[in-house]
Amino acid sequence: MARDARTQEDLTVAASEQANDPIHQFIVTPLMSDHIGPASFTNASLFMVIVSLAVTFLMVIGTSSKAVVPGRLQVAAEMAYEFVASTVRGSMGNEGMRFFPFVFSLFMFVVFSNLIGLIPYTFTVTSQIVVTFAFAALVIGAVIIYGVMRHGSHFLHLFVPSGVPALLMPFIVLIEIISFVSRPVSLSVRLFANMLAGHITLKVFGAFVVMMLGGGAFAALLSPLPLIAIVLLTAFELLVAVLQAYVFAILTCVYLNDAIHPGH
Amino acid sequence: MATEHSAGTQAHGGAAHSDVFPPFDTNHFSSQLVWLALTFGALYLLMSRIALPRIAAILDDRQATISGDLEHSVAMQKKAQEAGVACEELLANARARAQALAEETHLRLAEEAVETRKSLEHDLKESLEAAEVRIHAAKERAMHNIEEIAAEAATAIVQQLTGKTPDAASIEAAIAVGHKV
Chain Z
1 MARDARTQED LTVAASEQAN DPIHQFIVTP LMSDHIGPAS FTNASLFMVI VSLAVTFLMV
61 IGTSSKAVVP GRLQVAAEMA YEFVASTVRG SMGNEGMRFF PFVFSLFMFV VFSNLIGLIP
121 YTFTVTSQIV VTFAFAALVI GAVIIYGVMR HGSHFLHLFV PSGVPALLMP FIVLIEIISF
181 VSRPVSLSVR LFANMLAGHI TLKVFGAFVV MMLGGGAFAA LLSPLPLIAI VLLTAFELLV
241 AVLQAYVFAI LTCVYLNDAI HPGH
Chain D
265 MATEHSAGTQ AHGGAAHSDV FPPFDTNHFS SQLVWLALTF GALYLLMSRI ALPRIAAILD
325 DRQATISGDL EHSVAMQKKA QEAGVACEEL LANARARAQA LAEETHLRLA EEAVETRKSL
385 EHDLKESLEA AEVRIHAAKE RAMHNIEEIA AEAATAIVQQ LTGKTPDAAS IEAAIAVGHK
445 V
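Protein chains in written order, with this note's numbering: chain Z, 1 to 264; chain D, 265 to 445.
Honestly, the hints are just simulated from the structure, not real lab data. Values in this document were obtained by computation on a predicted structure and should not be read as measured data. Just so it is clear, CB atoms sit at the ideal spot from N, CA and C, and this is done for glycine as well. A hint or two may mislead.
[Claimed, not checked] Chain D stretches covered by chain Z per the calculated footprint, using a threshold of three residues with CB under 8 Å from any CB of chain Z:
hint : stretch
1    : 284 to 293
2    : 308 to 317
3    : 321 to 330
Could you put the whole structure together from the sequences, leaning on the hints where they help?
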């Protein structure tokens with residue numbers, strides 16, 4: 001009981017603070033206990049569960065009738081399927097379809113995280129660098145493991161492009177290795193930074209509205225301007241949310257394609 | 265002004281947490297990784313085992329239904345066209361037969377009419393001739409009777425006038441004279 005009262009008090013204090021604090025939305029807090037353990041259930045965990053449930057709802061419940069003439073939900077599920085399937089087939093060929101469930105799950109998880117995160121008071125799973133880096137590491141790990149399993153040492157041809165003069169070869173190999181190593185970093189940071197920056201921008205503009213309303217008559221009169229900016233930015237962030245998920249998925253395809261066809 | 269304000273709140277806003285930027289706070293990394301592995305793993309299993317095979321089956325099913333229906337409709341159309349051609353042929357045959365039948369009937373009826381007319385004319389001619397013969401006979405008989413009556417009448421008249429019965433020969437001669445006049 002006492003703990004409940006205190007968290008209540010904390011919440012009211014936090015509520016007034018978080019109105020103006022653009023960073024507050026990224027704080028991970030445990031929901032079941034006081035301190036954060038190695039596997040505690042946090043708001044981030046909650047939204048991972050929500051995202052997975054939302055994707056499952058669309059893809060499993062939505063297709064449960066298996067209708068030849070589909071309903072709305074089934075059409076949405078089929079469109080998602082065909083969109084990702086054509087992306088995978090387009091960048092990796094039919095051979096790449098073995099990675100289709102992986103790319104599909106990745107795309108759906110990321111796009112739902114991004115979109116659900118745009119709803120006020122929610123938590124954006126993909127705004128955590130550890131999550132995006134885990135995905136990127138998973139992709140690069142899959143590339144390396146599948147590439148070595150499939151091609152053995154021939155996989156190293158990935159770093160040795162054909163038709164390069166011997167004199168330039170060491171540089172080219174060096175550049176290829178650097179580019180390969182920087183892939184997981186760029187892949188994860190791109191998504192993370194986009195989500196982070198978008199949400200901070202929205203929050204800062206929101207704070208402008210609050211501050212201008214409390215900052216005298218003239219400022220209060222101008223306060224609708226940042227509000228309009230928020231509306232426009234929200235539309236833009238919707239675009240970014242879907243686009244970044246698509247970029248993540250298509251780069252995953254491109255990298256996995258290297259594992260299937262390493263010889264360029 | 266905004267940066268100054270947010271900087272001010274950030275100092276005591278993160279009281280319960282360490283002062284690092286939240287996404288870089290390593291305290292919650294392991295919990296996030298554990299839950300990400302759990303949720304994404306479950307999602308991957310659900311997608312790869314249930315959702316994606318099911319949608320693939322739905323799409324295959326739809327493709328099969330559509331192509332099956334199209335094939336069926338093409339077959340039906342071909343059948344309908346064949347039936348149309350057969351019907352046309354049947355109709356043409358029937359029309360030709362009907363025409364032939366009509367012509368034949370027409371000819372037959374005309375022939376029959378001619379024959380009937382001929383036989384009728386023949387019959388009529390025969391009965392005309394028979395009637396003429398009868399008329400002739402009747403006329404002769406009548407003429408004969410008239411002479412007899414005339415003779416009787418003359419005999420009676422002469423008897424009345426003279427009181428004597430004239431002989432038949434003179435009466436007849438008198439009548440023959442009268443006949444000539």
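Here is what the structure says about each hint:
1. 284 to 293: With 8 residues close enough to chain Z, the hint holds.
2. 308 to 317: That given contact holds, which follows from 7 residues of the stretch 308 to 317 of chain D lying within Cβ reach (below 8 Å) of chain Z.
3. 321 to 330: It holds: at least three residues are needed, and the stretch 321 to 330 of chain D offers 6 whose Cβ sits within less than 8 Å of chain Z.
In summary, this structure violates none of the numbered hints.
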